[in-house]
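Take a look at the letters that make up each chain.
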Amino acid sequence: MAGPIEQQIHRDPALFYWILLPITVVMILTGILRHYLSTLLQTTPKKQALLKMREQRHLMRARNMIINHAQISKAAFNKRKEWFADKVKEGTLLESGPDGKAKGKPNPLSDPAMMDGMMGMMKGQMVMMVPQSLIMGWINAFFSGYVIMKLPFPLTPQFKQMLQAGVGTRDLDVRWVSSLSWYFLTLFGLQPVYNFILGSNNAASQVAQQMQMQQQGNPMAGAEDMEKIFAAEVENLEVVEHWYVLDGVEDRLLAKFASSI
Amino acid sequence: MAEERELQIHPIMQESMQHNARIVSNIRALTASLFGVAAGTLGLESFPGFLFYLFGTLIISLLIYAFRAEGKPNMYFYKPLADLWMGDLFGGLMSFVLTWTLFYGLVKA
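Going down the list, the protein sequences come from chains A and B. For the first sequence, this note's numbering begins at 1 and goes up steadily by one. For the second sequence, this note's numbering begins at 1 and goes up steadily by one.
Hints were generated in silico from the structure; no laboratory data involved. Beta carbons are placed, not taken as given, at the ideal position from N, Cα and C, and that holds for glycine. Any given hint could be a false lead.
[Said to hold, decoys possible] Now the stretches of chain B that chain A is said to cover, found in silico as 3 or more residues with beta-carbon under 8 Å:
| hint | segment |
| --- | --- |
| 1 | 27-36 |
| 2 | 52-60 |
| 3 | 98-108 |
Looking at chain A on its own, in the form it has when it is part of the complex:
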């Protein structure tokens, strides 16, 4: 038989009960804790001033009109478009009214609403980072220095440094790993467990949370010149090539009935 001799290490079965199980249980419980912490720490969005609200709603309305322009007739669309362009020209939709048109861009750090948004993000990061580093420290302090299990698949030697941390043997196969690698496996693989304990849209997994973080985008984006944004929206409305969803609906209906007969 050619090939290298398989290394065999006999381990005490107690390793499973005193290392693998505790780590797994702790990881599951941390996920649950993280979920409830993030729901507790969620700040309810602050009530916005009436005028600020009006500004944002009108902007949203213009954007929705661009997307759903097919749902209203051409006349109705043109009427709305003209009204919006007029109002933007007068500046009545802006928060500061027609007089405050030439006001400069506010500093994001001085705006309390902006600060709130950043605090929320900081809290989210804390809820993710603190348990993670705590558990890694715990595992390193108690369970490092010996191998506990064998992976069923081979890895490249680059992983040796990370997965066999504290085991000072040069020639040991990378498949033998210490407790830290079990931590990494549970970190990535426990999502379905959380799904079943906490329901599907939980905040337990940091992977999902990081994705969410990226989707939320920059909290500073609100501090822009609204007047320019409105002007851009007017231009976008101008270039919409309008068509109406009910155009030719009779033909479509008749064709549908004809084909079903």
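Assemble the complex: chain A is given as a structure, and chain B must be docked to it using the hints.
Okay, now just chain B, sitting in the frame of chain A:
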């Protein structure tokens, strides 16, 4: 433009699509864990283990196609090929590896 018009005439509900996608990914995650248990108990190593996972998910795709989508994936998925067959094929891989490693260790210890 023609496709856009088609979408307005037969609109697609975002919520329903998300619901379907969530159901599919739940099924996949659960079965991936169970496949991991099976692979670990069988003592599969490296390549056969991953092949086992691949075959398992393909079978699960078939079962979803036959039972959950009732053989009409066009009714439930906007793009059946991407959402049902190809998409999320490796979504359960991490849970598979987790249970695989655990049971492999338990059995072979």
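So, going through the hints one by one against the coordinates:
{"no.": "1", "hint": "27-36", "in the structure": "holds (count 4)"}
{"no.": "2", "hint": "52-60", "in the structure": "violated (count 0)"}
{"no.": "3", "hint": "98-108", "in the structure": "holds (count 9)"}
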